[in-house]
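Chains as they are written, first to last, in the working numbering: chain F, 1 to 347; chain W, 348 to 568; chain E, 569 to 1076.
If you are wondering where the hints come from, they were derived from the structure by calculation, not from laboratory data.
Quick caveat, the model's predicted, so the values are computed rather than measured.
Ideal Cβ positions, reconstructed from N, Cα and C, are used throughout, including at glycine.
Fair warning: there could be bad hints in the mix.
[To be verified] The following label-pair restraints were derived from C-beta to C-beta distances:
1) Trp735(E) <-> Gln377(W): 51 to 59 angstroms
2) Glu335(F) <-> Gln718(E): 32 to 40 angstroms
3) Ile46(F) <-> Gly1062(E): 34 to 42 angstroms
4) Asp480(W) <-> Pro985(E): 20 to 28 angstroms
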Amino acid sequence: MNRPLTKLAFSLVLLAGACSTSSQQSTQSQSVTLVTHDSFFVTDGIFDSFTKATGITVTVAQGADAGVVLNQAILTKGRPDGDVLWGVDNTLASRAVSSGAFASYKSSALKNLDPGVVAFVPKGNELTPVDVGDVCINADVKWFAKKSLAVPTSLAMLTDPAYKELLVVQNPATSSPGLAFLLATIAHSGETGWQQYWKDLRRNGVQVVDGWVGAYTVEFSGSAGKGSRPLVVSYGSSPAAEVSDDGTSPTVALKDTCFHQVEYVGILKGTKHEAAARKLVDFLLSAEFQADVAPNMYVFPAVQGVTVPPAFATHGIRPTKPFDIPASDIEKNRERWINEWTTIVLR
Amino acid sequence: MEGLACRDITVRFGQQTVLNGVSLHVEPGQIVGLVGPSGSGKSTLLRVIAGLVVPDAGRVEWDGVDVAAVPTHARRFGYVFQDQQLFGHLDVAGNVGFGLKMSRRPNTEIAVRVSELLDLVDLRGFGRRSVIDLSGGEAQRVALARALAPRPRLLLLDEPLSALDHDLRKQLGSELRRVLNEQGIPAIHVTHDHAEATQICDVVIALHQRTTDETTPSINT
Amino acid sequence: MDHHRPALNRRVVRLVGFAPAVFLAVFFVWPVVAIVGRGLSGGGLVDVITDPILVRIAWFTLWQAVASTLLTLLVGLPVAFVLARYQFRGRRGIESLLVVPFVLPTVVVGTAFLALLPNSWHGTVEAVLIAHVYFNVSVVVRTLTPVWRQVDGRLTDAARTLGATPWQSFRRVVAPILQPALRSAASIVFMFTFTSFGVVLFLGGPRHPTLEVEIYRRTAQLLDLRSAAALALIQVVCMAAVLGLAGRRPKVAIPRRFVERPTSFNAWVVLAILVPAVVAVLAPLVALATRAGQWRALFTGRPFDALVTSAFTALVAAGIATLLGCAAGVCVNAPARSSRLLEVLLSLPLGTSAVTVGFGLLVAFSGPLLDLRGNRLVIPVAHAIIGLPFVMRLVTAALRDVHPRQRDAAATLGASPWQVWRTVDWTALRRPAALGAGFAFAVSVGEFGASVFLVRRGNPTLPTLINETLGRPGASNNQLGHAMAVVLALLSGGALYVVDRMGERWKA
């Protein structure tokens, strides 16, 4: 290699380095970065009052889906890309905690937590719950009315031949609601019974697609795509989003088919702004911020006493006894369950 | 009537009439020279005969039979272009043997015929050469050999010598005459050079196109 | 032909070729090596490679890519033929229209496709193949049309008078001339379909995973870097093999004449080929448009910001890709052995898993030495990597047509080497460079797969926002998502149309 070329190479690398340092400096002083997934959505200017009160500016950094964002954080453990991570749910919580990528923080705002959520706080306080939701079967009410068929009310009914070829679900290997629904069936039928349940579902013509968009907006008959299947795995709050101008919703969530999801934030270990990060976590649990999650992210607040839009109260459901599996069990068995499921349903 | 006969050929490209009721006759073994200023439609007439252009009126006959329904590749009329149009992806032998390959002759037969023709045009041993490196005269000889290889019943020569310098033109002209006589193939030789036409051809026809409504093919020998 | 004057002297060529090589080494090779190396450090490659399920997935990946490529060529050839050989009004518009599917995000076209296909086709291999043809046919058309246009019609006349049937004259005369372009197009389509992710997931459903899907699952969901690295290696090896096979230089240089000589117009041929093609392209786009709504929301807030971000990102990406792609094209044309290597190297990113590159960039650029996370230029750079090979191929093809004697002629007329380059090479270069810039711009505007694995600060790009918006329930979100997709189609199609028009004026 002759000399000018070496020089060129160096200057290129230096240039790249210069770019990076300049961007690093701008996040210095009073500023925190909230790393999150692609479904994160808040009202513009929601952090203004926080900045005003604390002098800390908030940068939102968005990545791919929740699994990708968590795994990227684990890969860069100790040298985090940001300060606080939003978007670990209870199916991923155990991996997040055991990875050691999160710093422990016990927010004083935890005392306001909804009593139903308290049990989901990890012992070491590495993660803080920020919202809750449920993955439930949604039904196209009109479709069932037209066919004079009763809307199913339980997981067991879905294997009834009367409901043949009506359900569309997501692949648990690539979709988080898909995984949640698989977990619901495991909680429902038990570690030894769920395999048979899925064999029955398969015999009854369950359709599997890769993700939520394909299932809900294409195959489901009750939403924009006007598909052919009147039953779909979605969220307990989805019917609230379908409310039309006359105040009615064409769909309904089935309360006895739900898997409970808790979403967490955590402070990334190695952050240079730990104090500011803690203040941000406190703010995320404040009534002001919590009131913003329902209308924007279709989830329910994790703290009590926060009002949700009326459509959520009337059309969104908060099942009293959703299915649930401890995070550590999920982490231990996830890969095996998915592989078994793949063999039973797809092969 | 034996040989080639063109009867009242008319060709229009859009508004412009290129050929207006042109008739022509080529007897077996005859070499007909077709002269005329550029733009008089000489090349178009050759393309009509070859089946590359469909005339708006008139007919082309071979031995008294209309060939309108016979596609170009089945007419067995060879064509030599002014700028050769050699196939750049094939070597000299590949070019000369192309027509035989199209009619699926066995490779051994092709090889024999190719070397025969290379001998005929004085290019012995040129078979493996790339056509890109040939001189103008060599390229034109290859083009001639290529057109002769599938034994056409008529040869159409579209100003094959016009791109060459004077001396070469004279030399190749007499060679061309020799080759055509040896092969006994009737031909139409298009040129704008009267001297060249008289050197090579048995008969020379002038194609004039003065106006679009009046075309007078006249014979002067 | 080496005794002719080369485009530029060797030292200059080496220097010029160095910039794209360094760029690729830093932003592609290093990240991939970093993430694959991390996965392989644990060892145990053999049991991953011999896992029967993975063997099956690899086999499916390979055959669907081969089938998709062949089908795409089959559909693309007649379209390229008509566009190259016939002159008619609206031809340029159709050329731009055909590219639109290529740059639309898969989730958008996937949704439209599922709406058009009968239910029984959802989740089938057939749906995947059709969608692959739909997305990639423009690669074939774009690559072949300019070359085909230069094929002198009298060459086929010559073949016909020698007894060749129309098919024989295509097969024996035109096809050999098209061959380099054909191989180039085929290898690009193969790379895209071999690493296809969105289409396979969306239309093939979960029963038809490809290596790419499996790499995503293992990297992104299971964090099983060891087996993901093994799969990524298999992918790269397949890719390099295919590129090596497809990219062999033609043995004989083919002189082409720059004549635009339309064949005598046959309206039936044109209509029979173009009408189905245009209808097929338009049908999903119309399906998109009919689902669109909330138009007023487009010009405010997030959608508008995303539009601006996309345009900015695409401009930067197209700028980088064009500069480096031209440099690479000039260099690849030089008679040096390393130039062939550069050509393969620059094409590799098209055939490498977006997940691997995304995670690789993260691992490579989060170190104490060089931390690029959060840098605004990372996404344009990633897009430039994808646009680069397109620019390079266009430029390389154009420069191959420059007859060396033209340079000799210019030199004998007293032109300095720089003047020779400017008058001969630059004249030949600027049109493909402009076309390449337009293509790189359009590719960037529609890019989704690679940017999604990069964490971004600030506004999302349009495809990212479309994906987010369609990922939310409610009719208004659905309408807005589709409206943004229509804007995206207009933006990329419009950019290509403008560039085509510009290039037209520069024609030699």
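Need the list of violated hint numbers for this structure, in ascending order.
Of the numbered hints given earlier, those the structure breaks are 1 and 2, listed in rising order.
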